[in-house]
Amino acid sequence: MPHRWGMAVDLDRCTGCGACVTACHAENNIPTVGDSQAARGRAMHWIRVERYWEGEYPDVTLKFRPVMCQQCDAAPCEPVCPTYASHHTDEGLNAQIYNRCIGTRYCANACPYNVRFFDFFHPQWPKPLDAQLNPDVSVREVGVMEKCTFCVQRIHAAAIDAKAANRELKDGEIQPACVQSCSAKALVFGDLNDPESEVSKLSRSDRGHKLLDDLGTLPKVTYLNRPQA
Amino acid sequence: MERRDFIKLTAVTGTSAALASCGNPEHQLIRFVPEEDIIPGIAAWKPSVCPVCSAGCAVNARVMDADIETVRNGQRGVVRMNVAKKLEGLPKDPISRGGLCARGQAAIQITYHPDRIAQPLKREGARGTGQFKAIGWDEAIAELVSKLDALAASNDQKSLAIVARPRRSRRSELLAEFARRFGGPPPIAFDLFGDDVLRRANAISFGHDQLPTFDLAQARYLIGFGADFLGTWNSPVAQNAAYGEMRQGRPGIRGRFVQVESRMTTTGASADEWIPVKPGTEGVLALGLVHLMNRGPERTAPQAAAASRADAARPFQGGDDEYTPQRVEQITGVPAKRVERIAKELAELRPAVAIVGGPPLAHTNAMFTALAVNALNTALGSVNQPGGIFFTPGAAIQGPAPSPQTPYTSLGTAKVLLIDDANPVYTSPTAWKVKDAIANIPFIASFASFVDDTSVFADLILPDHSFLESWVQSSAESGSLEAASTVAEPVMKPIHNTRATPEVLIEVAGKLKAPVSLPWKDAEELAKSAQPPATSNQRPATSNQRPATSPRPPASSPRFEEPRFDGDAAQYPFHFLPYLSPAFGDGSSAHLPWLQEMPDAMTSAMWSSWVEMNPQTAQKLKVRDGDLVDLTSTQGTLRVPAVIFPGIAPDIVAMPVGQGHEHFTRYASGRGANAISLIAPIAEPETGAVAWAATRVKVARAADANGTLILFAAEMRERPHEYKVR
Amino acid sequence: MKAVYALYSDPDDVQRAVDGLRKAGIADDDITVISSEPIEEYEFSHRHRATWIHWIAGGGGAIGLALGTWLTSFTERAWPIPTGNMPIVAWWPNLIIMFEMTMLGAILATVITLLITARIPARTPKMYDPEVTDGKILVGVENPNEGSVSAIERALMSPGVARLKTIQL
Amino acid sequence: MNEALAQRISDDLLRPVVTTTWKFWLLVAVLGSIVAMGLGTWFYQMYMGFGLTGINMPVYWAFYITNFVFWIGISHAGTLISAILRLVNAGWRRPVTRCAEVITVFALMIGALFPIIHLGRPWLFFWLVPYPSERLIWPNFRSPLVWDFFAINTYLTGSLLFLLLPMIPDFALVRDKTTGWRKKLYSVLALRWQGTTKQWHRLESAMQIMAIAIIPVAVSVHSIVSFDFSMAVVPLWHSTIFAPYFVTGAIFSGIAALILAMATLRKVLHLEEYLHPVHFQNLGKLLLMMSLLWTYFVFAERLTAWYGNEPSEVEALIVTQSGSFAPLYWTMVVCNFVVPFVILSLRKLRTITGCVIASSTVLVGMWLERFLIVVPSLSHKYLPYTWGHYRPRPVEIIITISTFAAMMLLYTLFAKLVPIISIWELKVGEHPVAAGKAAELREHPLWKANP
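First to last, the protein sequences are chains A, B, C and D. Our numbering puts the first residue of the first sequence at 2, with every later residue one more than the last. Our numbering puts the first residue of the second sequence at 5, with every later residue one more than the last. Our numbering puts the first residue of the third sequence at 573, with every later residue one more than the last. Our numbering puts the first residue of the fourth sequence at 8, with every later residue one more than the last.
Keep in mind the hints are simulated off the structure, nothing from the lab. All residues carry an ideal CB built from backbone N, CA and C; glycine is no exception. The reader is advised that the hints may include incorrect statements.
[Stated by the list, open to error] Computed footprint of chain A on chain D; a stretch qualifies when at least three of its residues, placed anywhere within it, have a C-beta under 8 Å from a C-beta of chain A:
#	region
1	52-58
2	118-128
3	143-151
4	231-245
Given only the sequences and the hints, what does the whole structure look like? Please build it.
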C-alpha cells in the first residue's frame, strides 16, 4: 500500500514560539522579502502561526494555530491549475512543480487556507547568505507559486535510505523541518495508511478536527484541540 | 531573466566576445583548490552550541558543500567548502533534545550575514561614522599590542576596560584571566535583563545561586508569575519540551497551567487561566496562596511537606499571616474567590510548581516577589521533587559577578577598551550615558562580527569567527535535570579572514612587551579544559559538586512594599513594560533577516517595533493600529506605532526590546525604536539589578499610521462580522 | 476569359434579360447576375438557392465534437495526473471543451463551405463591372460559345436599355 | 432601388475612409503613444518582476482580472446583439451591426491579453495551448482557465469571421470607388468578390448559421469567465447564479459600450442620417432592461448570501457593503441602477444625450462591479489571520488606461480602413418593396414553376 502522509498538530502543545516558521525558511530556501515587500503582504511563510484573540480584558484568551498546506485529498488548488503544476502524488501529497507553473495564481485563490505563496520578484540572497541554501530544494524563480511540500525532499531521502537498506520506513523516521524543530512536539508527521503510526493514532483522537472541514477538502492535517479548562 | 543575466547579455552583445569575458567581474573569479575532502551532495551532521541566548542548547549542524567567495593571498576567488546548511537541536542534548527555537535556527545567518565583518578593520573616518578600512591581521594585532604596551609602560594597567557578554563560558574566564594577569579590573559583563535577583533569591531559599530547572513533564499544576518561560526566559527550548509533555505526554493526565502577569506573553497565551495583576504585586498573590495552604481550609497536602511549608514563610517578617485572600485582592486586584480557588486547585493537583521570572523580578520589590514564589514552591513541596523545581548539577563554570548598580562607571576613566560580543551602547539605560563614555575612550578595540551601536565607535575591529567556525563549549546553568555540557570542534572552516578571539587574545598576551602568560595555548584547549583555572579570583561557583550552601537570610527581611516607580503617576499615568522580544531577545539577533520577517506570535508584526496598548486605552487616546504615539518617560521620548492588544491592562503599555539599533547591519539599522532608552535606571536595592519594569510613561497620539508598523495579519482589525449587526 | 454582359438599372429589365437568355438556349447555370446588394424580390435571384450548407455546418459541428471528445479524453489518459480527487477523465469539465469545439467546428465548416461554394476568392479574374457599385445590375454570360454570342447579345439587348459590353481578358 | 440614394449612401459612408484630416492623425498619435506606454509598462513589469503590481497574498487577482472580465463583457456588445437582431430580422439593426461587431473583436483581443499580462511568467502562456509538446504534457482540461482558452478562441474566431464575411462586399465597393494604393489594397481584401446571386445567397446563409452558432458561444464565453470564479470555494464566488449573472452583466456593459461607440461615430463621422435617435431609443430600452435584470441578479445574489448567514460569505458581503469597499460598492449601485433607471425609464430623458450619460455611468459601474467581485472575496477568505488588502500600483493603472486607449485606437483605425456601417446591408434596408412588384413577381411563370 502506498504511503499517505499526514500530520497532526496538537494545539495543546503548541506555544506559538515560531521555531517551525524559521525551520521552514532554513530548510526550503524560502526567500526573505524585506520590509517594504512584507508591508505589501508578500511575506512568505509556508507555515505560519495564526493567533486569534477571544474575549476582552481581563478575561481574554488567545489561541495559536500553526497553519501550513493541509495537503487536501480533494484539494481545490489542484484542478484549477491549467498546466498541472499543482497536482496530487500517489503518496497523497499536494505537489507543486515549479517548472510547470506559469503563475496564474489561480491555485492560491482556490485555496481556502491561503497557504500558497507567489514569487513576486526574483528571490535575493545577498552573498554569502546564498551559501546556506539547501541543495536538496530548488530555488523558485520569479512568477511561480510555491508552498509547503511536507518537506518532500526529506521524505524521498528517507525512502531512498530505507530502500538501500532493504527495509521498511519506520514511523517517525521522516520529520519535516517544522516537525523536527518543534521542541514541544506539537507537530507529528507520519503515514496515515499505517493505523499504528503515531499520526494515525492522533488523527483518530476525539480532540481532533480538520481545518474548515465543512468545505469538503479532506485535509490530511488534523488539529487536536486544547481542552477547555 | 535575472537582472544580472541581463547585464551579462548586454555585456556580451555590447562588446566583442573576446572582451566580454573580462567585462564581467564574475568571470574573473578564480576557482581555488578545496582544502578539505568534499563529497558533493552528501550531508554530514556536526554538533555545536547555539550562541544566541544563555540557555546553551547544543545544536546539530547539517554540513554540505557550497561555493564560497573568498580572498586568498589578495586574489578574489571561489572555493568549494563544506559549510553548515541548517541548524537543528542535538537529539542527545538534555537541553534541546532535538528541538531548537527560532532564534537558534536563525543563528546560522550570523555566519553567512552579508554585512559580517570579513577582515580586520581600522577606523578611517570620524568616530561613530562607521568608516573603516581593511587591514591585515599582523597590523591589527600590532596596533592592539602597542596600545596595551603603552598602558603598561605608563603603569596604567587599571585603565584597561573589558566589556564582555554575560555568559557562563570559558570565554569569559579567558577574558577575566587576561584582565587579571595584565593588571586591569575584571571584565564588565552586564545583562540588563539578567536574573541576578532570582539567583540571589534561590541562594537564599534553596542554597543554589543558580537559575532553576523545572520538571514540568511530571507536573500536574503549574503556576507562572510573569516568567515567559516558553518564549524568552531561562531555557525556553527545554521548557517547551517539558511543557509539551506536561500537557499531553501522559495518558489521561493533563497538567493545568495558570499564568499570573500584567501583559500576556506567548507563555500566558498558552495558559488555561490567565490572571492579570497589578505590576509588582505578584509576590503578594504567591504569599496569599502560601497562606491558604498553611492555614486555610486547603490544608490538605501530605504531612511530609508540612515542615518545609513552615520553613517557607520563615524569611518573611510576620510570616504569611497578613496575606489573607481579602488582603491579596486589595493589593493585587485578583478577586479573593479566585485566590481561594487557585489555592484549592494547587492543593488538589500535585505535583505542582511555581515559576517566577521576567517583569515581576524587575521591580524595586523584586527580591520579595522571588522569595515569595520560592516560599510557594516550598509550601507545595516541590523542591527537588518530581514535577517540581530542580537545580541543574554540574554547572561548573561560574557566572560573571553580579553587576554593580552602575556597571559602566569605570568606562569614564578607561584608556583602552576591549569589547567582546557585547553592545553596551544599545543595552544601557540612557541615563548611564554609556555612549558618551565610550566615545571618549582614547582607544577601543572590538572583536565584533558586525558593526553595531557599540563597535561603530571602535578604532580597531578584530573580527571573531562565527560560532560555527569556532571551538565552542557550553555548560548549562539550567534547563536539564542532569549535568549538561558540550564541547564541539568547528563545524566548518572560516569563510572570511577572521580569527578566533581567544587565539587573538592569547597571541596579543604573548606579544606584549611584558608578556602575559595565559593557561591555554589556543581556542581548542580553552574549550576542552575541564576545570577553571585555580587562580580565578571571582566569586565561588555554585554547583552540586560543591557542598550546597545553606539558605542564607536576606540582607533585610522581605516584606511586601509597594513597588516604587520612576515618574510621577499623575504626570506619567502608564506603566511602561519593556519585554524581551521573542525574535530578538535583547536585540542581539535583530540583524538576522529570518527573525525580522518572522511574524510576532502575539501581534503578527514583522520588521517593526511597536507599543502595545489595551483597546480601551487606545480608544481613549483615539489611537488605531499603526498610529504613531509618543511615549515619554523621565528619560526621553520615543515615537512608535501602536498595536491594540487585548491582553494588557489599561494602565500598562508594553514594548518589545530589540529594534531601534542605530547601527546593526542593513537589516536592523535605523529600524524602529529602542525601548531600553526609556528605562529609568532605578535599582532593585538587594542586588543592584536594574528594575527595568519600574518606569512610568505618558502616552500621546502623535500622528497617523505611516506604514512603519508591518503586520502579517494586517487586515484582521476589521472585526469579524459576528460582532456586528448585519 | 471572355464575357458578354449588359448593365441594367431596373431589376425588371434584368428579369427580362434573364428570361431572354434562357429563351436563347443559355443554361440557367451559365447566366450570371451581379448586383451590389442581394435582391430578393425577383425570380432571377432565386436561382442557386438550394444549398447543403446547413447540413455541412452540422457535420462540422459533429467533427468538432468528436475532436473535442478525443482531445480531452485522449490527453487525459495519455499522462494521467490526478488533481483534486477528480476522475482522470472528468466529463463535466470536458463537456465544456467539447461544446466549444463543436461550435468551432460548425463555424469553420460554414465559412469554408461559403468560401468554396461561392468561389471566394476566385482564382481567375471574373466577369465584373465597377458600375455595379453604383447600383447597376449586371447580367452576362462568361465564356460563351462562339456561336451563341450573337444570340446572347440579342437577348441582352431586348430589354433595350442597357449598355452591352463584350470583354476579353 | 434609387441609384442616387445608393450613391449618397456610398459617398457618405465612404467619406471617412477616403478623406483624412489632421485631427485623425493627432488622435492616432495621442492614442498610439498611450498604447506604447502601456506596452512599455508591461515589458517593464515582466523585466522587473510581477511585484510591481499591487497584488499580494491573499489578493492574487485584482486589476488585470477585473479588466479581463470587463473587456470580455464589453465584447458581448457586438456579435451577440447583432446576431440576435439578425435572427429576429430587426430592420433597425442594419446601421448598427458592424460597429457593434467590431467592438466584440477588439474587446476580445484586449480582454484575452489580460490573462497573459497577469501571468507570473507570461512568456510561457502558450502552455495553455493544447499541442503535442516536447514536455509530453497537455493542458489540464479540468482548469477553468483552459476552458477560457477554448471559449475565447472559439468566440474570437467566430466573431472575427462574423465581422469579416459581410465586409467583403463592402471591400469590393471601396475597391470600385477608390484609386491608387487604396484600390490595390481593397482589391486584395475584396477577394475578387463579384456579387453574383449565388454569392449573395451563400453569404446570407452562412451569416444565418453563424448568427445561430455565435449566440450560444457568446453565452458560454461569459459563463466560463464566471466559472473562473464560481469554481473556486471562495466566499461569494462559489455561487450557481454566477453564469447568468455574468452574462447579463456582460450584455449590459456591452450595450453601454455600443451606445457610446455609436454616439461617438455619429458625431465624429457625421452619420446623423444613418444612426437615428430611434436606434438609441431602442438600445436605450435594451440597456434599461439589462440594468433591471442586472439589479435583479445582484439582489438575488446578495439576499441569498445575507440570509444564509454563512460566516465567511457574510464577512465578504459586509466588507463590500459597509466596510472598506463601501464607497466603491455604492458608486456601483448608483452607476448601474439609479442613473440608468432614472434616465432611461423616462421617455423625455431617453434621448441620445441621455443614453450616452447612462452608458458612461454603466461602464464605470460595471468595471467596479467586476473589481468588487474579484477583490473583496479574495481579501476576506476563510481564515481572518490572512485577510488582506489591495491597492493598485502605477503599472496596473497605466496598463488599464492604455487598454482603453488601445480600444479607441483600434476602433479609430478600423473606422478609417473599413466603412463602419455595412453599406450593402444598409442599401438592402432602404430597398423599397413595392406591393405591386411583389404581386407581379408572383405572377411570373418561372416563379410559379420554382417558388
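Hints, verified against the model:
{"no.": "1", "hint": "52-58", "in the structure": "holds (count 4)"}
{"no.": "2", "hint": "118-128", "in the structure": "holds (count 5)"}
{"no.": "3", "hint": "143-151", "in the structure": "holds (count 6)"}
{"no.": "4", "hint": "231-245", "in the structure": "holds (count 5)"}
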